[in-house]
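Given chain Y, work out where chain F should sit, using these hints.
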Amino acid sequence: MAAPVKIAAFLAMLAVVFAASLWVGHALGPAPDAAVPATSEPHPQGGEHQ
Amino acid sequence: MNTIELSIGGMTCASCAARVEKKLNKLDGVTATVNFATEKARVAFGDEVSPEQLVSAVESAGYQAELPERRDEPAEPTDDPTAALKQRLLICVALSVPVIAMAMVPVLQFTYWQWLSLTLAAPVVVWGAWPFHQAAWTNLRHGTATMDTLISIGTLAALGWSIYALFWGTAGIPGMTHPFELTIARTDGTSNIYLEAAAGVTTFILAGRYFEARAKRRAGAALRALLELGAREVTVRRGGAQQRIPIEQLVIGDEFVVRPGEKIAADGTVVEGASAVDASMLTGESVPEEVQPGDQVVGATVNVDGRLVVRADRVGSDTQLAQMARLVEDAQNGKAQAQRLADRISGVFVPIVIALSVATLGFWIGSGFPVAAAFTAAVAVLIIACPCALGLATPTALMVGTGRGAQLGILIKGPEVLEDTRRVDTVILDKTGTVTTGSMTLVDVFAAEGEQPDEVLRVAGAVESSSEHPIARAIAAGAQEKFGELPAVTAFTNLRGLGVSGQVDGRAVLLGRLRLLADRSHEIPSELEVAVARAESDGRTAVVVGWDGQARGVLMVADAVKPTSAEAISLLKRLGLTPIMVTGDNEAVARAVAAEVGIDEVIAGVLPQDKVDTVKRLQRDGKVVAMVGDGVNDAAALAQADLGLAMGSGTDVAIEASDLTLVSNDLRAVPDAIRLSRKTLSTIKGNLFWAFAYNVAALPLAAAGLLNPMIAGAAMAFSSVFVVSNSLRLRAFTPSR
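Sequences listed follow chains Y and F, in order.
Counting from 2, one number per residue, gives the positions in the first sequence under the numbering used here.
Counting from 80, one number per residue, gives the positions in the second sequence under the numbering used here.
None of these hints come from the bench; they were simulated from the model.
What you are looking at is a predicted structure, and each value in this text was computed from that prediction instead of being measured.
Cβ coordinates follow ideal geometry from the N, Cα and C atoms, glycine included.
Keep in mind that a hint or two might mislead.
Unchecked claim - Heads up, simulated DSS-like pairs for lysine-lysine below, C-alpha to C-alpha not over 27 Å straight-line:
| # | chain 1 | residue 1 | chain 2 | residue 2 |
| --- | --- | --- | --- | --- |
| 1 | F | Lys695 | F | Lys101 |
| 2 | F | Lys702 | F | Lys764 |
| 3 | F | Lys101 | Y | Lys7 |
| 4 | F | Lys652 | F | Lys758 |
| 5 | Y | Lys7 | F | Lys695 |
| 6 | F | Lys105 | F | Lys119 |
What the hints assert, rightly or not - Selected chain F positions facing chain Y (Cβ under 8 Å, derived; list incomplete):
| # | residue |
| --- | --- |
| 7 | Pro430 |
| 8 | Ile431 |
| 9 | Ala434 |
| 10 | Ala438 |
| 11 | Leu440 |
| 12 | Gly445 |
Stated by the list, open to error - For the chain Y half of the interface with chain F, some residues (derived, Cβ under 8 Å), not all of them:
| # | residue |
| --- | --- |
| 13 | Lys7 |
| 14 | Ile8 |
| 15 | Pro31 |
The shape of chain Y in the complex, shown without the other chains (with noise of 0.2 Å):
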């Protein structure tokens, strides 16, 4: 297979799986007020300020 049709393919497959796993997430994802897997509030958990 040549190389533009193989990232062709590849982008295509992406794709596919971006859209599958946004409605596995909308369907069996946490509700976001129950679990945050990253927020931008200012003073976060995980870095400590001395």
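Positioned in the frame of chain Y, the structure of chain F alone reads:
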């Protein structure tokens, strides 16, 4: 057709070489072969294509190409090509150590530590890892992924995220620290930086590449060593005068003078003089060949004792030496270089990781989380996917394995070699110098009726002690071993090419071939004739000794089998390998030696080029072939074989063309080398597994948004420590000797 040799840059693996070759061969009338080991492309092209077009074709594939420079002077020794890599590595080490230390030791995290980390890590990731980024880009254009892709994605994701966290997140706030906690808790990605992972991965992998490059550099040396065997200057007779000219100016038909001790400049025919010619460096045969007018001589062989005048029949690229160089080069070109194991794994791993990262992004967005939060988790997947220990897995095992090998006299050239040792099922052994000692030894003395063998040996040894010929030395050594002091010799005469004569204890002694004694009117008893015939059919050299007009005995000299060869063969068989012996000798001699050491399969009467064909034939039959040899004539077969092993006593060319060099001449080093290589390979595989395993185990945490720098650091540290300690186990390898 024109032929040109291009230097190719930027190739990181065998598939790069295949790509360059494909790109060149697409041009009209172009036939190209690319050698990954020597980083050269040999291109034959017609007039419709210019060399510049060839260069641009290579460059369009994403690699660099250079036309050969025309040199009128001898080539300057080239700089160490690993020097640039070493410099890059040292700078990266100096910059990375403080970054890793500050990230892993909270005490060192002073108020603005994160900004110093960025200052130190950014050049490492951008400049230090530039070769990886370049290779990743080239791979991307060809729709493939290798270890470089994984490193490039991982380090750039880590650096990119850290810059985002420092400038737009909260990580840049003065006084921010990374606490030393391995707790799994949801963290704010924008307060975390992963600069130590980015810098650490780059430096570790650069270190691995440096050690590999050092091993690879030697691969191109075989041809240089071979061509250096030839004479550089020649004394030619032109217009009645002798003049010294560079070898390149010698033309066919020139008559040139070869003084004793000089190398013969080109293939030709002897027109004047007689001498012994030592061809051992080409053929491995230990006995010099006597030549006289009309005989053919081969360039690069050494004129031992007489003055010769030779007419050049073949010069330059037509000589046997040049043909052998081509054989070696063709074998190297034809040999498929194994793709690095880590590259093969990465080829599958990279698309999976990218897909997982996209899936993570989609999942968290789909769940209703902010895009920034989803993006944090997706980037964390890319960061953790690049195992730091990936760079250590191969080089540490290789360093410990080769170090242990060096202690045992086994020199392993590179990681690709190890791949082949696993699959090898057939071992081809060259007879002379490998199974046998390669030097002449007195094996038997036969006395005519009424004579004592001891007396025959004492007299013969005395006369031969004055000669420098290898057969004479073998007889003299045999006699000295038995009697110590030998009687004095007077009136010693060397009968060139026939034998020797001298006076011992008042007897006129004559030694030589049977024909010499017959020609000198010596009476030959029939039992001596029978003994000579039997010795010769057994592959032994028979020297007849006579005095006072009668032949008195026969001394049999042969290339003796090494005392450890039989044990080595049985060890090879125990490893599941089939030993096959190849030799230029006749079938009977070969069979006798093979039977003595326990080899069942023998291929006799083969010429140097036939050895390559033998290897190729076995490979066509589906065998994975290891070749053990020592002579220049073995070089092409050593290069062609899936695994080439050169005996340490062998020529530089054989050593350079091989994959493994055995310092000792003990054949038992061969099974040890194969065993050690297999063990090193299985260690590398174990290392790669664990290098990936720790990081793969952390992947779900990253995807769940639970990754923090300490978990990334712990995965890095645990996998690195495991890989190093696993590699160190190779130090316990015990040889069978």
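We went through each hint and held it up to the structure:
no., hint, verdict
1, F/Lys695 / F/Lys101, "holds (24 Å)"
2, F/Lys702 / F/Lys764, "holds (23 Å)"
3, F/Lys101 / Y/Lys7, "holds (18 Å)"
4, F/Lys652 / F/Lys758, "holds (18 Å)"
5, Y/Lys7 / F/Lys695, "violated (35 Å)"
6, F/Lys105 / F/Lys119, "holds (18 Å)"
7, Pro430, "holds (6 Å)"
8, Ile431, "violated (10 Å)"
9, Ala434, "holds (5 Å)"
10, Ala438, "holds (4 Å)"
11, Leu440, "holds (7 Å)"
12, Gly445, "holds (3 Å)"
13, Lys7, "holds (3 Å)"
14, Ile8, "holds (5 Å)"
15, Pro31, "holds (6 Å)"
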